[in-house]
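Q: One-letter residues, chain by chain:
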Amino acid sequence: MKDPAIKPLPGGAPKAVSPWRDLWWRFCEDRVALFAFGVVVLLVLMALFAPLISPQNPYDLSGLSLRDARRPPGFVGSGGYTHILGTDAQGRDLLSAILYGLRVSLQIGITAGAVALVIGTSIGIAAAYARGFVEAILMRIVDLQLSFPPILLALVLVALLGQGQAQLVTALVAAQYAYFARTAFGAASAERSKDYVEAAAATPLSARRIVFRHILPNAMPALIVVATVQIAYAIALEATLSFLGLGLPVTEPSLGMLISNGVKYMMSGRTWISVYPGIMLIILIVAINMVGDHLRDILNPRLDK
Amino acid sequence: MSGFIIQRLLQAILVMAVMSVIVFAGIYSIGNPLEILLPPEATQDVRERTIARFGLDRPVVEQYFYYIRNLLQGDLGRSYIYNEPVLHLISGRLPATIELVLVSVLGALFVGVPLGMLAGYRPDALSSRIIMAVSILGFSVPTFWVGLILILTFAVQLGWLPSGGRGDTAELFGTAWSFLTLNGWSHLALPAINLALFKLAIMIRLARAGTREVMLGDTVKFARAAGLSEWTIMSRHVLKLISIPIVTVFGLELGSTLAFAVVTETIFSWPGVGKLIIDSIKNLDRPVMMAYLMLTAGLFVTINLVVDLVYAILDPRLRKGGAA
Amino acid sequence: MSAPILEVSDLTTHFFTRAGVVKAVDGVSFSVGAGEIVGLVGESGSGKSVTGFSLMGLVDPPGRIVSGSVKLDGEELVGLSWDQLRALRGSHIAMVFQDPMATLNPVLTIGTQMRLAISAHDKTSRRAADARAADVLTRVGIPEARSRLGAYPHEFSGGMRQRVAIAIALLHGSQVLVADEPTTALDVSIQAQILTEMRDLAAETGTALVWISHDLATVSTLADRLLVMYAGRIVEQGPVASVLRDPHHPYTAGLLRSLPATAKPGEDLFQIPGTTPSLLDPPPGCPFRPRCEHASELCTADPPLEMSRDRGVRCFHPLREMVSV
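Protein chains in written order, with the numbering used here: chain A, 1 to 305; chain B, 1 to 324; chain C, 1 to 325.
Don't take each hint at face value.
[What the hints assert, rightly or not] If you anchor each label on the Cβ, the simulated ranges turn out as follows:
no.: 1; chain 1: C; residue 1: S157; chain 2: B; residue 2: V306; range: 32 to 40 Å
no.: 2; chain 1: B; residue 1: I6; chain 2: C; residue 2: G158; range: 52 to 60 Å
no.: 3; chain 1: C; residue 1: G79; chain 2: B; residue 2: L216; range: 19 to 27 Å
no.: 4; chain 1: A; residue 1: R31; chain 2: B; residue 2: V306; range: 43 to 51 Å
no.: 5; chain 1: C; residue 1: S119; chain 2: B; residue 2: I22; range: 49 to 57 Å
no.: 6; chain 1: C; residue 1: R127; chain 2: A; residue 2: W25; range: 58 to 66 Å
no.: 7; chain 1: B; residue 1: I22; chain 2: C; residue 2: P106; range: 35 to 43 Å
no.: 8; chain 1: A; residue 1: W25; chain 2: C; residue 2: D200; range: 19 to 27 Å
no.: 9; chain 1: C; residue 1: P62; chain 2: B; residue 2: V156; range: 48 to 56 Å
no.: 10; chain 1: B; residue 1: N183; chain 2: C; residue 2: P106; range: 55 to 63 Å
no.: 11; chain 1: A; residue 1: K264; chain 2: B; residue 2: L216; range: 48 to 56 Å
no.: 12; chain 1: B; residue 1: L216; chain 2: C; residue 2: Q84; range: 52 to 60 Å
The set of hints was computed from the structure by calculation and includes no laboratory data. Being a predicted model, the structure only gives us computed values, none of them experimental. By construction, the Cβ of each residue, glycine as well, lies at the ideal position given by its N, Cα and C atoms.
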């Protein structure tokens with residue numbers, strides 16, 4: 001940041017810096033957002049390396065003892081090591097369960113976000129590119145879905161499809177793709193009316209070239225903002241569904257499932273079983289949202305000073 | 001204007017018809033209702049009679065039209081689980097949900113809009129940054145988690161407020177309402193706050209974004225040049241200018257809050273339709289699911305319609321001539 | 001010239017942006033007599049609008065008045081608190097802007113907007129406020145003003161809208177009205193109408209007008225005196241007729257030559273070569289130097305303002321030596 005070489009050029013002057021470099025530079029201007037970004041990176045790394053850094057494998061049932069169940073933080077269990085965050089109802093080390101839960105939550109959130117991104121963007125661009133009847137039909141469906149709360153849609157779909165990771169991701173994608181479609185459609189239809197795209201369409205270039213060279217790069221910033229927000233939302237939605245007992249099977253609990261499992265002990269004062277996974281969930285979602293929020297601010301040309 | 005209304009009404013009816021087909025087909029495809037309707041030891045005779053009674057042996061299309069015909073006559077079928085008419089079941093619980101939703105959304109509106117305007121008025125001030133941090137929290141933290149923490153803090157630890165139920169109710173228009181009694185309010189407070197937080201975040205964001213944009217415009221500058229106080233500018237000019245998107249979203253959120261109430265009602269044992277739908281999903285209670293989804297879809301369509309009309313009232317440019 | 005109602009001296013307004021300091025107004029001095037009409041002319045980006053906002057104390061951050069003085073009827077405005085300034089805005093010094101569609105609030109009736117402007121300075125009954133609003137609307141040429149108070153801005157034509165905006169600015173009989181390109185967005189025929197009406201109004205009420213425009217031709221038909229602004233400075237000033245007949249600054253001369261009226265039939269319009277300089281960290285010296293055919297070594301220093309009788313010029317090589325008295 002302090003390197004004078006990457007100072008932005010004064011307005012109006014030709015920009016030698018690539019747009020992504022410039023974006024990164026502007027992103028770094030806000031310390032809080034940069035910190036949030038650091039937290040997200042850290043959490044992703046923790047999730048990736050969960051098997052290496054967690055004290056116990058929470059999926060290995062043979063390593064668990066019910067004698068260790070529901071012990072407060074700091075308890076030294078039969079395994080001989082200290083459970084820093086205590087243990088859950090099955091006698092699992094809570095820290096390990098949280099790290100693995102983080103893995104599951106992130107995996108579902110990112111998968112759902114990515115699939116929704118691809119499907120939604122394709123639909124949006126297809127609608128903008130096809131125009132006419134196809135556009136009207138596709139966007140009508142998208143708008144209809146946008147006015148319908150995603151949680152309800154996900155709830156019903158999970159009920160229809162049954163439990164499991166693939167079903168859950170399908171439900172999340174179905175509930176979220178419309179946001180990407182709307183965004184991509186907006187960017188693409190703004191772009192298609194520009195001269196160079198019309199000029200490109202008049203030359204014998206393939207449609208693919210127009211989409212990948214012209215439309216997608218211009219739609220990308222807005223899509224990234226939507227993707228960040230939607231990943232956070234997918235994670236929250238998954239946690240909510242798990243909490244309502246409609247999410248994943250209990251064998252590989254996500255953060256939401258861990259919280260749900262601890263609720264019945266909450267009223268009797270054993271709050272840690274729910275509270276710690278909850279704190280992790282909130283840090284994760286808040287950090288992702290803060291990154292998305294700041295991205296939105298710096299990508300909004302209307303508020304550019 | 002009336003042409004506009006007719007067009008919107010036709011659109012709404014079409015949407016409802018399409019929704020009914022999709023929902024019916026979706027619900028028809030899951031599970032076997034006989035497993036729920038009959039005890040495992042039921043005889044073949046009982047089985048056949050049940051199938052005939054619910055029309056389960058007919059083709060889907062016929063079942064659909066049968067359902068629609070009954071629906072138009074106000075018959076939503078009987079719940080498999082409660083063995084009660086669905087209409088009766090839902091209408092008995094709807095007031096609780098409506099009450100919760102209205103209190104939450106209105107609360108979010110009256111708190112969120114001023115806060116958002118303040119944050120948009122001085123975007124760089126410390127107070128604005130705090131408001132925005134709160135809104136990110138409200139936006140991010142899942143409703144169920146906030147609910148748990150509210151119960152843990154105010155019901156379990158402090159013991160100030162009850163953790164569930166509707167409390168005392170009083171009658172109005174032949175229906176029981178909690179907001180008419182003090183005890184009812186104490187029961188309403190936590191779930192309403194829980195449900196309101198997310199909406200509050202949305203209201204803050206909308207009001208802030210609108211205010212920021214309006215503040216940069218010439219209307220505010222001209223009002224300042226005329227010597228209007230900042231308070232008058234905010235309360236008269238800016239509020240009116242940002243109200244159009246806020247009313248739109250307010251309407252749409254009213255609908256989505258109805259859906260979110262599912263979570264809050266489950267946590268706070270609030271006896272509304274949200275809890276009913278969760279139970280019916282878990283138990284594959286087809287008639288209740290179907291009725292709830294149609295009801296929600298109907299509400300959405302109605303709200304969209306009303307929002308469009310209010311829009312036309314608020315924006316004088318739309319009122320004359322009809323189209324924008 | 002009568003006693004000045006508005007005296008501006010060495011007014012300096014800078015914008016402190018991320019890219020550097022933009023010297024939008026850089027040491028501007030002029031005065032306006034009561035009832036006088038002064039035209040402030042310059043290209044876009046010359047700092048004329050910022051000058052107008054500086055007079056009102058309405059410079060948006062990151063800009064602010066760095067130094068200088070603005071005296072309204074002898075009272076210093078620079079350094080007053082927001083509230084003190086607010087009390088003067090609209091009552092003693094008022095302003096209208098270019099686009100009436102953007103300045104008037106589209107979702108409030110004209111009557112409401114006028115009542116708000118009245119109650120900003122006077123506590124009156126609604127009835128009295130309505131009467132006053134209707135009266136001022138009539139004076140700016142709006143027929144059946146009383147019945148139109150309930151109308152929204154979009155129900156007026158462009159010219160009528162600007163008349164409403166002018167009426168709002170004149171509600172309290174300000175001593176000075178700053179008009180920032182008020183007719184630019186309007187049709188030519190309506191422009192002429194409003195110009196005439198404004199001149200009559202100013203004469204009738206004794207309101208001094210500071211008419212900001214990029215259009216030298218329009219301003220010349222209206223104003224008593226001209227201020228020519230270039231790159232944040234006033235480079236030439238004097239009575240309209242005198243400046244038009246005998247421009248001293250090469251920039252003013254260039255502007256005059258580029259007017260369609262002065263072009264010979266069949267010839268291209270004259271254009272001043274080069275572009276307006278950036279006001280971001282400008283180099284010292286005369287800002288017009290790069291575009292000036294008379295520029296010399298001398299011009300790398302700042303030319304001082306030379307006043308002679310009612311004419312003033314900031315140039316080392318004025319086109320005609322001023323007649324000394």
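Q: If a hint holds in the structure, say so; if it does not, say that too.
A: Now for the hints, and whether the structure bears them out:
| no. | hint | in the structure |
| --- | --- | --- |
| 1 | C/S157 / B/V306: 32 to 40 Å | holds (34 Å) |
| 2 | B/I6 / C/G158: 52 to 60 Å | violated (34 Å) |
| 3 | C/G79 / B/L216: 19 to 27 Å | holds (26 Å) |
| 4 | A/R31 / B/V306: 43 to 51 Å | holds (44 Å) |
| 5 | C/S119 / B/I22: 49 to 57 Å | holds (56 Å) |
| 6 | C/R127 / A/W25: 58 to 66 Å | holds (60 Å) |
| 7 | B/I22 / C/P106: 35 to 43 Å | holds (40 Å) |
| 8 | A/W25 / C/D200: 19 to 27 Å | violated (56 Å) |
| 9 | C/P62 / B/V156: 48 to 56 Å | holds (51 Å) |
| 10 | B/N183 / C/P106: 55 to 63 Å | violated (47 Å) |
| 11 | A/K264 / B/L216: 48 to 56 Å | holds (52 Å) |
| 12 | B/L216 / C/Q84: 52 to 60 Å | violated (25 Å) |
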